[in-house]
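First to last, the protein sequences are chains A and B. Here numbering that gives the first Met the number 0 is used: position 279 in the first sequence is 278, and no number is missing along the way. Here numbering that gives the first Met the number 0 is used: position 143 in the second sequence is 142, and no number is missing along the way.
Derived by calculation from the structure, the hints in this document are not laboratory data. Some hints could be false.
With the C-beta cut set under 10 Å, the calculated list includes, among others, these residues of chain B facing chain A [claimed, not checked]:
(1) V134
(2) I137
(3) V138
(4) I139
(5) Y158
(6) G162
(7) L204
(8) A207
(9) V209
(10) S318
Virtual Cβ for every residue (Gly too), placed ideally from N, Cα, C.
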Amino acid sequence: MEWTFLDSWIVITGALSAMACALLGNFLVLRRMSMMGDAISHAVLPGLAIAFLITGSRESLPMLIGAVAIGVLTAFMVQGISKLSNLDKGATMGVVFTTLFAVGLILIRQAADHVDLDPGCVLYGAIELTPLDTYEIYGYEIPAAALTNAGMLLLNGLFVVILYKELKITTFDPALATTMGINANVMHYVLMTFVAATTVAAFESVGSILVIAMLIVPAAGAHLLTDRLPVMLVISLLIALASAVLGHVFAITIPVWFGFRDTSTAGMMGVAAGIIFLLVFLFAPRHGLVSRLLNQALLALKITRDDILGFLYRYNELTTTKPVPVKAGTLRNALKLGFSINMAIWDLKRAGKLVTEGDGVRLTTLGEREGQGLVRSHRLWESYLCEHLNACPTDVHLPAHKLEHFTDASMQSQLDHESGHPSQDPHQRRIPD
Amino acid sequence: MKSMKRLMKSLIAQRHIALPACLMSTLIPATAKAAGLAEHVFELPSGVELIRVLTLQDYNTRVVIIGTTLLGLAAGLVGTFLLLRKRALLSDTLSHATLPGIALTFILITYLGGEGKNLIALIIGAAVFSVLGTVSVIVIQRYSRLKDDAALGIVLSVYFGFGIALLGIASRMETGTAAGLSSFIYGKTASMLFFDAVLIGATALGSAIVCVLLFKEFTLICFDYHYAATQGWPVMRLDFLMMTLVVIVTVIGLQAVGLILVVALLIIPPSAARFWTRRLKNMVILSGLFGGLSGLLGSTLSALMANLPAGAVIVIMASMVFIFSLAFGSAGGLFQQMIERRRLTNKVARENLLRKMYELYELRDSAQTASQIEEGFRFEDLLAARAWSSARLRRTLKSALSAGMIQGDGNQRFTLTDKGLHEAYQIVRKHRLWEAYLITHADIAPSQVDWGADAVEHVLDREMIQKLEKMLPDLKDVKIPPSPHELQAAQSVT
């Protein structure tokens, strides 16, 4: 990999625009309006073209104004049409932005009549070219796109910091905001204005698809990692930064492995963001897929362990002579379980609650005490349910069977007290101490 | 500074980056002079050209027009179910998700030494990735706390980014030329081939047949998915089939109108159709017609005038149909809503007037000033009786006069006619029944019930009145129940 200052500028520009987008994206994701970012970034196309047709210049300012105006108009039209006509909001969005995009395509064709023109730049930009267009500041040459996006990031940062309270309340509880005198509607349109401006500033350099990716993906990833808004904002900025750096690295390294030179940095930034999101989606500590599945598996294992101990305790209760070891196969059949029983037995042996004897297993004193506790919980629940619900005694076993796993000592004594210190459960079995 | 730029340029040249010539600042090149809007007149076609196009004499035009019409038809049919499943934007996501499929297929085939732009292979690649995209959306929605909008946005942008990256590689391959792959993004309607039109026709026919055969099943899962599931319908499979239809129409439409505009064809016609009917069967037919019409008009217009990209014009046509439907649709169009609202306002105002006049009669009766009844009420009396503006009251009097409910003499005094009196009986009775109901069954103080009844009296139908009579047996045979609260001749301003 060959890294030059050119690459540094590409990464810096990409990171600045990505972070500017990600900051606002948090509020879009939390307000469930992610697709609004998509709609606006497609819809600004005619704004650019109209600005050009009216002013006849390629100055940035008129184009910015034109694009922002159309962006806000999009938000107004989506809101207005879906409110007036009761049409599904997604469909309204689809109608509005595809129409505006089509208008934009036609206008651009008219605006640039005799020149070969690729509207593709609107979609995937040309971040690789941004270092060519520079401004000189204090003797340093800074790419114009980097300056624009830094400015936008700064503006968005100020917007979020100054209006933090208002944004937060209108996002999470618009009704409360209204009672507090904060106009949720106004905040909505202010946010949409900033989204439109950010979109334009960013896609001048990196293209609209990257804008959508950076608006939504880092914020969505951050949302899976935390429940606190300030933390979410910071994490989304970090994800955006990482996506920009990794994206460019991917763009100039991965194709080389397959014998190609390089590829689009903007596209790869989207891919990098996607990979980061996938990792978060799988491995986030609380909301991740793996941790959820793991928690489920651990709970299932605990319940299997409890069931084994309870079963063996009852088994011992029934045999008056010295208890005979029970085979794993017998346990499996009795508890109607699969392979997981072997794991539970192994786990119990490790904890010193079961010992192998002959070709079966037997409870240790520790295991016997825990089994006794479980059976006590079970039978206390049965008594309690009998006492307080009219479901006696046939329907009390199943609920008790579920509840016994989550009953601790203090709850046992409460149950005991509530059902009048019974010595037998409804099935006339002794309740152990 | 110059040297620096030269250095950069040489760096770029060294790396042989095939740069897309499309910075935003170069989107509209410096050489392009804005000629001002006035000079951008569309060249109108000559008469001969007009006839040639309209009579489909030109082979190319014929293919394009028939192809786009059928595509619009198919998209309109399938899009209806998509709209009703509230998944309109899913079409946006899955059409963007096709791009990596197209680019990857192209790269693989070229790498294996084949002709990269094999249409069938590209379409299959696109379909595979759009299914993958749909599955990703469902997985994100199902297994994380993120809502559908975020899931759609994530899949759309990440897949499309991947597609752009692959396209970047494809365009830098030494063998095979990737030029033309981008036509999947913007479409190349004007250069549609006969084979494309046949493909579109087959798709349209196929999707129409499936929609007809499975109409009942699709209706069921559109309106009540869970009910269908409890009834034992294979809802998952039906849903999957429905989505397959959407995927097929999308990938077929891709190269005709491009991946953004095919979304428009799936969403706009059914959205427009919804403003004309509430019956699904009619909506499906209408949506198909709208789609077909947009394709027909759009491609014809684009063939007639130079410089109009067909895909975009087709979408504009669909949008116009939508705007017309939104404004004038007979089932929830804005104009119709406005008329209905005005009709309701007028009805309410007239009923208020009649009730007020009747109550004033009652007041005078009790005041033993029967002689005054003959004289009728002055405008000022009526204005003071209720909180209404004089303009509103004047309008209401006028409409009541023309409906023959009241009559006025030359001194601007108004009395109820027999017809008006009969109408007034009805409305006063409704008002008092509801008041009595509020007092006896909702425990509301007699002084507070006037307002509640004021709002409800206008919407009580015969059935409701019968129910009220059953609940208030004392009042069943009373023609006009007495008012539970004191009536006032003039509204006190508070």
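Now the hints, each set against the structure:
1. Look at V134(B): its Cβ only gets to about 14 Å from chain A, farther than 10 Å, so that hint breaks.
2. Residue-level restraint check for I137(B) is violated (minimum Cβ-Cβ distance to chain A is 13 Å; threshold 10 Å).
3. Given the 10 Å rule on beta carbons, the hint for V138(B) holds: about 9 Å separates it from the nearest Cβ of chain A.
4. Interface hint status for I139(B): upheld, as the beta-carbon distance to the closest one in chain A is roughly 7 Å, under 10 Å.
5. At about 8 Å, the closest approach between the beta carbon of Y158(B) and any beta carbon in chain A falls short of 10 Å, and the interface hint on this residue holds.
6. At a threshold of 10 Å, the smallest CB-CB gap from G162(B) to chain A is about 7 Å, leaving the interface hint in force.
7. A distance limit of 10 Å between C-beta atoms decides the matter here; for L204(B) the minimum to chain A is near 26 Å, and the interface restraint is violated.
8. Because the beta carbon of A207(B) sits about 22 Å from the nearest beta carbon in chain A, more than 10 Å, this interface hint is broken.
9. For V209(B), the shortest C-beta to C-beta distance to chain A is roughly 22 Å, which exceeds 10 Å, and the interface hint is violated.
10. Taking 10 Å as the C-beta contact cut-off toward chain A, the hint placing S318(B) at the interface holds, the least distance being around 4 Å.
This entry does not satisfy hints 1, 2, 7, 8 and 9, going by the numbered hints stated previously.
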